[in-house]
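J.: For reference, the chains in residue letters:
There are 2 protein chains.
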Amino acid sequence: MADDALFEFLHMEMVAHVYKEQAARTEMEQERSTCVSILEGMGFRVGQGLIERITKDTPSFKDDLDVMKFICKDFWINIFRKQIDNLRTNHQGTYVLQDNKFALLTQFSNGKQYMEEAPKYLAFSCGLVRGALSNLGLDSVVTAEVSNMPSCKFQVVIQKT
Amino acid sequence: MADDALFEFLHMEMVAHVYKEQAARTEMEQERSTCVSILEGMGFRVGQGLIERITKDTPSFKDDLDVMKFICKDFWINIFRKQIDNLRTNHQGTYVLQDNKFALLTQFSNGKQYMEEAPKYLAFSCGLVRGALSNLGLDSVVTAEVSNMPSCKFQVVIQKT
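Residue numbers (our numbering), protein chains in the order written: chain A, 1 to 161; chain B, 1 to 161.
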């Protein structure tokens with residue numbers, strides 16, 4: 001569908017732009033802000049805004065797992081048009097969300113040759129999740145890993161306060 | 001709808017980022033690439049990609065006016081969820097597309113106080129139109145003006161070769 005394409009193309013441009021501008025910087029400046037953290041920050045703010053709209057008519061959540069299920073289903077469908085395929089947890093605040101066909105990686109051939117490129121295209125989405133959780137009252141650390149394109153695992157570690 | 005929100009929030013972040021990074025640059029660098037042209041360029045490439053998908057099953061166009069009507073209707077709906085409200089032409093290659101409630105301006109209050117800010121939020125969309133037309137074989141110059149938020153006029157001048 002073309003409306004997904006709008007987001008995907010714009011995301012692509014944003015990644016390309018952030019990396020291009022970084023290449024033009026001096027080394028000292030580069031240390032201050034890495035591309036991944038810039039993209040993650042953008043995702044964070046977009047995630048905060050989106051979750052507010054999506055949860056507008058949602059009753060409150062009973063626990064962290066309930067929040068994570070919402071992220072895997074409603075939040076994910078809203079952004080990526082599919083839900084997370086598998087959610088696992090150790091029941092101690094760590095959650096692994098697996099998407100077997102992650103929208104932002106489907107344009108890559110599924111061999112190993114673009115594996116190095118993957119983190120660039122995951123930073124924004126890690127931020128999305130962290131931003132959404134943050135607005136639901138959960139501080140978290142979100143990382144992503146790819147072992148086989150276009151499948152992708154997001155690890156969420158809830159920070160206890 | 002929240003899926004529009006995704007694009008709108010991401011667009012907002014992108015504009016903010018491009019302007020922030022520009023502020024950190026030296027004067028000489030600033031001359032090379034203005035924010036408006038960076039955003040316009042991003043829009044151009046996104047427009048090129050989108051039009052290719054949207055026109056996949058469309059029969060070919062009979063003339064420039066036919067192309068412009070497609071931009072006002074299918075292309076606009078696809079991106080902004082509504083069509084252009086008014087299309088005017090002098091039949092000599094100049095078209096004025098008026099959107100009475102332009103999606104990327106609806107967040108502004110409709111007084112005069114944010115008028116200066118408007119061009120930042122229009123550059124990407126000017127690029128979208130120019131990119132789409134370019135892929136349909138028409139070179140153009142696209143500008144936008146706002147006289148009353150959130151209404152907006154895009155002027156397209158087709159370049160004869």
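Hints are computed from structural coordinates only; laboratory data are not their basis. Each residue gets a CB set at the ideal place from its N, CA and C atoms; glycine is no exception. Check before you lean on any hint, since a few could be wrong.
Example chain A residues on the side facing chain B (calculated, C-beta under 8 angstroms, incomplete) [what the hints assert, rightly or not]:
1. E21
2. A23
3. R53
Now the stretches of chain B that chain A is said to cover, found in silico as 3 or more residues with beta-carbon under 8 angstroms [stated by the list, open to error]:
4. 57 to 71
5. 99 to 108
J.: With reference to the structure, classify each hint as holding or not holding.
T.: Quick rundown of the hints versus the structure:
1. E21: holds (6 angstroms)
2. A23: violated (13 angstroms)
3. R53: Because about 5 angstroms separates R53/A from the closest Cβ in chain B, which is inside the 8 angstroms limit, the hint holds.
4. 57 to 71: Violated, because only 0 residues of the stretch 57 to 71 of chain B bring their Cβ atoms closer than 8 angstroms to Cβ atoms of chain A.
5. 99 to 108: violated (count 0)
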